[in-house]
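Asker: Spelled out from the first residue to the last, the chains are:
There are 4 protein chains.
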Amino acid sequence: MIVTILGVTGYAGTQLLKLLLQHPEVEEVLAVSSSQNGKFVLDEFPALEPELITKKMQKSDKHIISMEKAVELKSDIVFSALPHLKSAEVLQPFYQKSIVLDLSADFRMNDEAKFNKAYGSAPLFPEQQKRAVYGLCEWFTEDLYKTNLIAVPGCYPTATLLPLLPLVKNQLIEGDIIINALSGITGAGKKAQNHLLFCERQENMTAYLPGMSHRHAYEIEEKLEEKGFVNSISFTPHLIPLRRGIFVTTATKLKSGKKQEDIKKAMESAYDKKKCIRILQQIPQAKDVWGTNRCDMSFHLDGAHLILFSVIDNLMKGAAGQAVQCMNIRLGLPETTGLPLNSPF
Amino acid sequence: MIVTILGVTGYAGTQLLKLLLQHPEVEEVLAVSSSQNGKFVLDEFPALEPELITKKMQKSDKHIISMEKAVELKSDIVFSALPHLKSAEVLQPFYQKSIVLDLSADFRMNDEAKFNKAYGSAPLFPEQQKRAVYGLCEWFTEDLYKTNLIAVPGCYPTATLLPLLPLVKNQLIEGDIIINALSGITGAGKKAQNHLLFCERQENMTAYLPGMSHRHAYEIEEKLEEKGFVNSISFTPHLIPLRRGIFVTTATKLKSGKKQEDIKKAMESAYDKKKCIRILQQIPQAKDVWGTNRCDMSFHLDGAHLILFSVIDNLMKGAAGQAVQCMNIRLGLPETTGLPLNSPF
Amino acid sequence: MIVTILGVTGYAGTQLLKLLLQHPEVEEVLAVSSSQNGKFVLDEFPALEPELITKKMQKSDKHIISMEKAVELKSDIVFSALPHLKSAEVLQPFYQKSIVLDLSADFRMNDEAKFNKAYGSAPLFPEQQKRAVYGLCEWFTEDLYKTNLIAVPGCYPTATLLPLLPLVKNQLIEGDIIINALSGITGAGKKAQNHLLFCERQENMTAYLPGMSHRHAYEIEEKLEEKGFVNSISFTPHLIPLRRGIFVTTATKLKSGKKQEDIKKAMESAYDKKKCIRILQQIPQAKDVWGTNRCDMSFHLDGAHLILFSVIDNLMKGAAGQAVQCMNIRLGLPETTGLPLNSPF
Amino acid sequence: MIVTILGVTGYAGTQLLKLLLQHPEVEEVLAVSSSQNGKFVLDEFPALEPELITKKMQKSDKHIISMEKAVELKSDIVFSALPHLKSAEVLQPFYQKSIVLDLSADFRMNDEAKFNKAYGSAPLFPEQQKRAVYGLCEWFTEDLYKTNLIAVPGCYPTATLLPLLPLVKNQLIEGDIIINALSGITGAGKKAQNHLLFCERQENMTAYLPGMSHRHAYEIEEKLEEKGFVNSISFTPHLIPLRRGIFVTTATKLKSGKKQEDIKKAMESAYDKKKCIRILQQIPQAKDVWGTNRCDMSFHLDGAHLILFSVIDNLMKGAAGQAVQCMNIRLGLPETTGLPLNSPF
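Quick note, the sequences are listed as chains A, B, C and D, same order.
Residue 381 is where the first sequence starts when you use our numbering, and the numbers rise one by one after that.
Residue 381 is where the second sequence starts when you use our numbering, and the numbers rise one by one after that.
Residue 381 is where the third sequence starts when you use our numbering, and the numbers rise one by one after that.
Residue 381 is where the fourth sequence starts when you use our numbering, and the numbers rise one by one after that.
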């Protein structure tokens, strides 16, 4: 099986490269980058195991290659870690011939108006959108079996939706939903910008794009509404001085007449036998999912106030890991093939 | 003027020592610790300026001293950075003779039932409580002029109440208040505990004591209710891998019929000419108040959802700095005497 | 194959548990701790994969167990991550029946006088010492095949010796050796001590136990002398605010008449086909070996001054990883079985 | 007194701004930046105290200004935090009219050949060089009184030279000097470069430009040679994941016949009554000088091996703080006027 990664030099792209080189079913990896085209893979990524590169990057002779070269070499699977409003465009040569997993937002949303609000533009390929499946694996497993276009969810939506969807689906909550999300700095991408420098983030924290200003807010809203949610959400992300991790604290209210036991049952029934989800008695910690494809979650009831906690590694279950999980499902492999669930941290 | 610090080896006590040694009106500082009694101050605190110690710690011959010795030496002002349910007891010899500033929770709450819920015990000295003034400086300035017992507020309540009080007082919000607070690790105190080790907190984050489980939730609730708040709060603190800083994100709803302009006016009118408060157009950042006695705040309106942001240095405006500000007010000094407002970070 | 880990709750012991649960040849793991005896493994280590525990910890019914229980259950392999001067003693019941890998210093040194200088005591079992093999895998491979007692090297000695030994062996350097080692905080162990708190180490760095004050200095000296080194070393370790990693900068002098090419040849010839060693053109970085069992190294010649750089993950190649590598060699398995060489960082 | 800061947006320039706004003898500060010209000072530096800006930045109406405007407004003192090979050029309009303190390397070195090796260019203004005084305050006090051109030393040279100069001057050491320096990331400047991103430096460390590849090596060498040093140095800097701080470990040999007491005496005699230098019994820690203008140092003798430890805050005694100390000396003020010696950390 030949897989291609577009945009391999960003944090999500690099994580994909690490995972796919180690994946037992992947025979060949093509690493594509317009800026690093022609460079030796090991020079760009000295953290990789040389032997894996030698073994699985033969077609490119261990080099980072261009889009043109990748198209020419053909792939069974293509992952794109390119920016939104660019990814869907660049992916065009692959739609007919490969299974495409797009980690950008370009195919995540079915509601064109919401997409427009979030991204300031109409979706690029509304026709393609119809066949796209939203790759939140635990909720769209059936659809993932048969699609060739998978929209891998955003990191914030993944961490936020996983504890909420069972409650919304079972109509256990009422009123608005207040979402506070804390993100490690890899979530902001690998950009040479002043505010992402070590010296600007160490011993610092802040919120950004509150309310409905962040693009992911609309993605969260749409997926909740598709399950019957009728009220409003308020989503506030924060930048926290760690490399990896998203910790989400969601406050809402238990529906009158419902009980703690109902929440427990809804969660357990949604995630029974789901290996990437763990429902804990205690509040989860970022370090326990670091480097894994797992989402740990717990909930706390205080009178009618219901507080949900969920934590993921933003580069794993929040991006590259979930993308590989989608691929595994699509190919009929066990869904955690090649995915760490044991934190190396 | 002679000042005494009880519990000088904790983070708040040490910060008090730094501030008071530099305070232009303080002539002599007595540093008290039961565990480090007899040790040279400079050996315990090598970050201090030797010359200041030589100049202002003559009575103790530059040593950390015992309670007994401190009582014997007499003080104009006594600060206690001892734990709750111990502080009020240990302070007994000073109530009649000195101005007492208690950084513990022992005199913060007027409602005995709430205190009991928060601390699992009745207040130790209900009689003393009557003369205690809550040292949230910008709101109790008048009372501070004339009391000899000041209860310095908790770090979370300070950061939470400052943006909320003007809105509650002016009846600009309705419904419940959802408070998410992020705290640096000094907020957990200087305790040799496994979960506070560098290797347990680096690249980690979590919430703890959610809903109304944290003691400070009741302190916040009481002070809001005293200004007319009638609904419920939900308070969730988080541990963030930085040394200093509290960042609070508070979500509530604008009262029907009220406008953005009303909030702005209420905030500006509450804090006009208050040098330790700054209302910003953009979301505040922890690094900008690091080492200062300032609270920076901003608000964001998204439909009816109102989000408040506030940030303080938990050891300064959240503890030692505010204690010194209280002392300054009590003594009729300019309130920022000896207090940095310019971040050294 | 049944393996036992003594002292599983420290950082090295926990890392062993992670590695051995994932090791393809290990069928059953016994986790021993006197302090946490009786606790569920997943409660103590929530970062582990539940399924692995279920599968490979059946004999202990997924619990941490006592020494007595471990002795009773028997093991093919026993790892000890206990402290020096205690480990050799506690290991007694296993010497005759199991292959023993001791991560403490108790069997690392052949020279009793040096051991005494380093540990302030004579070796506990001088007779056992004779059959112990020093587990610096790349240098003692042949001996590792046939021993049942392996002394896994210290973290500093591993990182220091790997670049030095080829040069000493080939008589390429002259004069003294100045070693500066930087260590992440896990190197200091998981002890609830004030100086290891997050707030004491963040934005801090220092040296400790310089010259020949650190125990590892004698271990380094002995192994160099065994290869013919006749001058003196000076070893200074430093504490650096990161979790994992040892970076060693070693300064010495190129022997008169020798050339850059000689060093390159000696290094390449020593480590040709050694999968855990990589000789780089550029200076290595800690993040590139994070979580791997690899030592990356490079050298720099400036006139006669020769500077060697080497970096390892102190919990992997510096402790648990190298212990597993030793086990693999002893058992005739490929030496990197179950050992990551691809950094997850 | 009017002071101007050229290059105010870098880390050293910003630190100068903080210090000078608080300096009791400075009446007016002009902040110059070509990239941020025209911006409100408080918008660029929200960590500053608004009142200080209002009070001391009247001539620029609280704005960042251009070079042209600064020349027009005239200054008593001009600090330049511009890059080397640019600073001396830009400073031209001020040489005749103001006291100039250049934080760049342009006037630090008297030996043109060495300058050439270090900076790949001849000095820009060899004539000016003759009147320049090297601002290592404790060693050039007398010369500082009477010069109008001060070359503020580099951060590494300051930390390295302070413990070494008394030993070289008194001929107490022999052989080569091996210098290992650890630097916080502000030392690399405020540049939007990938390798300075939070996510590239967190949990990472490395060396760079070893041997004599770093420019500061030549500055160190020259100043040692001027005091009689005849052997060679080897200087290796390292990047450490903290914001501020330089920790230097220097290894050399005690001259035959000399004793520990001689070193102690030489150091004490050099720094007797120097308020910015502290000689400690124990190894210094970065956190104890954080935010101060102090250099803490200690030494350790192990046989003939002599190890020196020194630590500074690279933005204070390593840059802006030392520049202000130079200014104080030049103006006949107490040398620590406006300079913190009490760490706020």
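Fair warning: there could be bad hints in the mix.
Copies of the same chain look alike in the list, so a pair counts if it fits in one copy or across any two.
Computed cross-link-like contacts, SDA-like style, restricted to lysine to any residue with a CA-CA straight-line distance of at most 20 Å [as the list claims (entries may be wrong)]:
1. K571 with D556
2. K633 with G591
3. K477 with S593
4. K653 with S636
5. K449 with E408
Since the hints were derived computationally from the structure, they do not count as laboratory data.
Asker: For K653 and S636, with the copy left unspecified, which applies at a CA distance of at most 20 Å: within, between, both, or neither?
Answerer: neither (30 Å within a copy, 46 Å between copies)
Asker: Within a copy, between copies, both or neither: where do K449 and E408 come within 20 Å Cα-Cα?
Answerer: within (14 Å within a copy, 48 Å between copies)
Asker: Have a look at K571 and D556 and pick one of within, between, both or neither, based on CA distance no larger than 20 Å.
Answerer: neither (35 Å within a copy, 39 Å between copies)
Asker: Using 20 Å as the alpha carbon limit, work out where K633 and G591 are close: within a copy, between copies, both or neither.
Answerer: both (19 Å within a copy, 12 Å between copies)
Asker: Under a CA distance limit of 20 Å, which applies to K477 and S593: within one copy, between copies, both, or neither?
Answerer: neither (37 Å within a copy, 52 Å between copies)
Violated hints for the displayed structure, listed by number in ascending order: 1, 3 and 4.
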